[in-house]
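Participant: The primary structure of each chain is shown beneath.
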Amino acid sequence: MGLVGIVGAGAYVPCRRLQRRSAADAHAWFAPGLKTLAKGEKAFANWDEDAITMAVEAARDALTGHDRAAVSKVLLASTSHPFADRQNAGIVKEALNLPDAVGVLDLCGSQRAGTSALIEALDLARAGHRTLCMASEKRNAKPGSETELTSADGAAALLVGGDNLAAELLGTHTVAIDFVDHFRAEGRRYDYSWEPRWVRDDGYGKIVVSAIRDALKVVGIAADAVDHFIAATPMRGVNAAMARAVGIPPDRVVDALMDQMGDSGATHPLLMLVHALERAKAGETILVVSFGAGCDVLVFRATGKPAVGGLGVSGWLARRRPENNYVRYLALKGELELESGMRAEFDQKTPLTVLYRNRRAVFGLVGVRNPQTGAVQYPPTSLMVGETVGEAGPQEPHPLADRQARVVTFTADSLTYSPDPPCCYGAIEFEGGGRMTAEFVDVDPERIEIGTPMRMMFRVKARDTLRGFTHYFWKATPDYLAVGGADAAQAAE
Amino acid sequence: MASGIKDKVAILGMGCARFGERWNDDAASLMVEAFDEALKDAGVEAAAIEAAWLGVGFDTQNVGPSGIPMSIALRLPNIAVTKVENYCASGTESFRGAVYAVASGACDVALAMGVEKLKDTGYGGLPVRSRGPAWDMSNVIGSAPGYFAQLAGAYRARHRIGADDLKRAMAHVSVKSHENGARNPKAHLRNRITEEQAISAPIIAEPLGLYDCCGVSDGAACAIVTTPEIARSLGKKEMVTVKALQISVSNGWELQGMGWDGSYVHTTRIAAKRAYKEAGIDKPRAQISLTEVHDCFSITELVTMEDIGLSTEGGAVKDVLDGLFDADGKIPCQIDGGLKCFGHPIGASGLRMIYENYLQILGRAGERQRKTPPSLALSHNLGGMPSQNVSSITIIGAAGA
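If you read the protein sequences in the order shown, they are chains A and B.
For the first sequence, numbering that gives the first Met the number 0 gives the first residue as 0, with consecutive numbering after it.
For the second sequence, numbering that gives the first Met the number 0 gives the first residue as 0, with consecutive numbering after it.
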């Protein structure tokens, strides 16, 4: 059996960061105990982000510098898939403009869906597949709950295969146990959780600890040989306690990023793995454990080859917009229905035949290019545009999603309905040609000018609430790659 | 070689309903109001009309489909009634249909009507609408202020004009139109405003404030056209004829091609050039004596002054601030209050502009009449958005001009 492991890694953390203090202050009259959690910030998705859109961004991050055509399997793990019956991973595949001949699969069902998907991807690698394995979560949390403060939204993506490895798999170990620390039934919006002390003692303290011990035996390494111990438990002190219980030195416990973003559910163990891979040195051992209806343990050894070619967790964490307005947090997360006015009643029905005909242009943002003249056009039409008359020349597909663009015209529109007003949009022109009118997201209107460099992001364009359909498209945001992430974060509001 | 429309068609009569929030009127009664005035002006009976065109922008919100609603409202004698829709140029489009019908010799007397009943939507501004399923999927469903506001930033970047300077010129455009509207009994908005009010008003779409945006109104306007010979035989002594009628429609170049910088309207430049040629005008700034342009937003009016060749490129800010286009300036623009204050019932607007130009040429504009009646007057519509639109130019004038 040849070696398998991680070829590339990427992540996505939405830029909005709820200041936990503002939420705790709002709840102080009702749930004063929340003040013990009122520190740091949590990353949360904007109204137009969901598990699919965040997975796309994490995948683009992970695929930076890698040949997309080599991907033969696409796995998407989540407990918050937007569609119950429409392949969520399939939408990601279209957005990434991958060939049709790939296997796509949604995984779900527990907080360890992400690590279980990774174990499957590693098995697929033994069968010769290169797999894009993603975990993505947009977590609903009841206002006033502890989960509201500890949970987060985000995505991680790992490119898994058998060559050019940045981390080799040393082994995996899994146990499946129906230990119900929390559950969420079909159609329910929120989790129902049992007493945390029991979960700590019998769940983490017994099930997880013994699974780690067994895993170390399977792999054949000593506990103190683990250089990076990755456990995503949001409960204070538990990750360190588990390390202590199995004999992993305390300085090997990887930061679970609770202060910077919070617990992104099934995403979080993989997101922490991506974060660890950003700094793991050649020969270092990484142990990932995840808990949920049992336990998954995976052990890797870093090869020294860089895993993260894009922004990675660090880069996305640096792209941040602090949110002090708890009401806006509630509205953007869909927890509070605000009066939206009649303009919001516009029927957003998506004709599915039209969507199918235009899927490459709409989902993949693929334009056309005339190879003779170099002219680029979006969206594609039979006759390409000319200043006076059309041009009937040859056309080839021309993907635009990963090209930088610049603002040609711009406005911040307060009349058009947007859940995140003002609705900013304008004409943009892509590097190498091609123009479109695009909505701008995660922007501070004061900082947009003619010529500002932009980059595309896959987002929800419209939600058809009458029929339950979500329409996705690309929007533009200030180019986070051009400024190394941090400065594109924009000013605090 | 076609010789164009110049002097082939005369306006026999025109009518215009009072524009405004006509809560107790529907599209049919608004059309009747305009039609009655036009029939009296023309001195003919409805039975004389042989073909009719109806321009409406948002038909699902008011008249519904087809030409039938107008045929019923005006009880027309079972003639051909064609409904046309071409965004904000719909009224001018209906005028074009009637004028071309007469010019072709197919009929002697034709009617052009424009109507819009917008105040049944339940909210301010234009209705939110689809632009077709494929467009909606990959474009931004924004608002009219949002689309047109984009002219401002691009114009500033192109001509290196400070935000405050442009905002002041835009304010002057609106202050002037309110001043003019106050003197027009048929106008929707008849209040005067100050430059300070315009500048400090709430922002609708950056940098357009409330007073940079025109009113959304109910209204109707119409024209009855015939040949100059027939007009003369009916006893018309002072006659207004059509000098030019041009419509230019975007082919996608502005947005999909490369080269347009967003600071001007490509089609208006084309339509104006063709219209001046058709009318035999080579020095528009010297020859055009009155204009009604599509001032849906103050920035649109300002940019249009350059696009129709009355100001040099980049020169409109100075011309506006110098008062060149004020009611007492050299070439008044929106002497009736414009879209800004007369109001903007989409389908009616093109005909309302021609109505005002017609009244001014004949010296019948009451309190707002120019001392020296204009000889050549231009009207302009711009439908859609700066990046993709329908632009129309109509020039009418005294028969001998």
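Since the hints were made in silico from the structure, they are not lab data.
Honestly, I wouldn't trust all of these hints.
Among the chain A residues that face chain B by a calculated CB cut under 7 Å, a handful are [to be verified]:
1) L2
2) V179
3) F345
4) T410
5) R434
Some chain A residues well away from chain B (every beta-carbon gap over 10 Å; in silico) [unchecked claim]:
6) G32
7) T35
8) E119
9) Y191
10) G282
11) N323
12) P350
13) E428
14) E448
Glycine included, every Cβ here is placed at the ideal spot set by N, Cα and C.
Participant: Now look at each hint and say whether the structure bears it out.
Facilitator: For each hint, the structure was consulted:
no. : hint : verdict
1   : L2   : 44 Å, violated
2   : V179 : 43 Å, violated
3   : F345 : 4 Å, holds
4   : T410 : 4 Å, holds
5   : R434 : 6 Å, holds
6   : G32  : 42 Å, holds
7   : T35  : 42 Å, holds
8   : E119 : 34 Å, holds
9   : Y191 : 39 Å, holds
10  : G282 : 49 Å, holds
11  : N323 : 23 Å, holds
12  : P350 : 5 Å, violated
13  : E428 : 7 Å, violated
14  : E448 : 8 Å, violated
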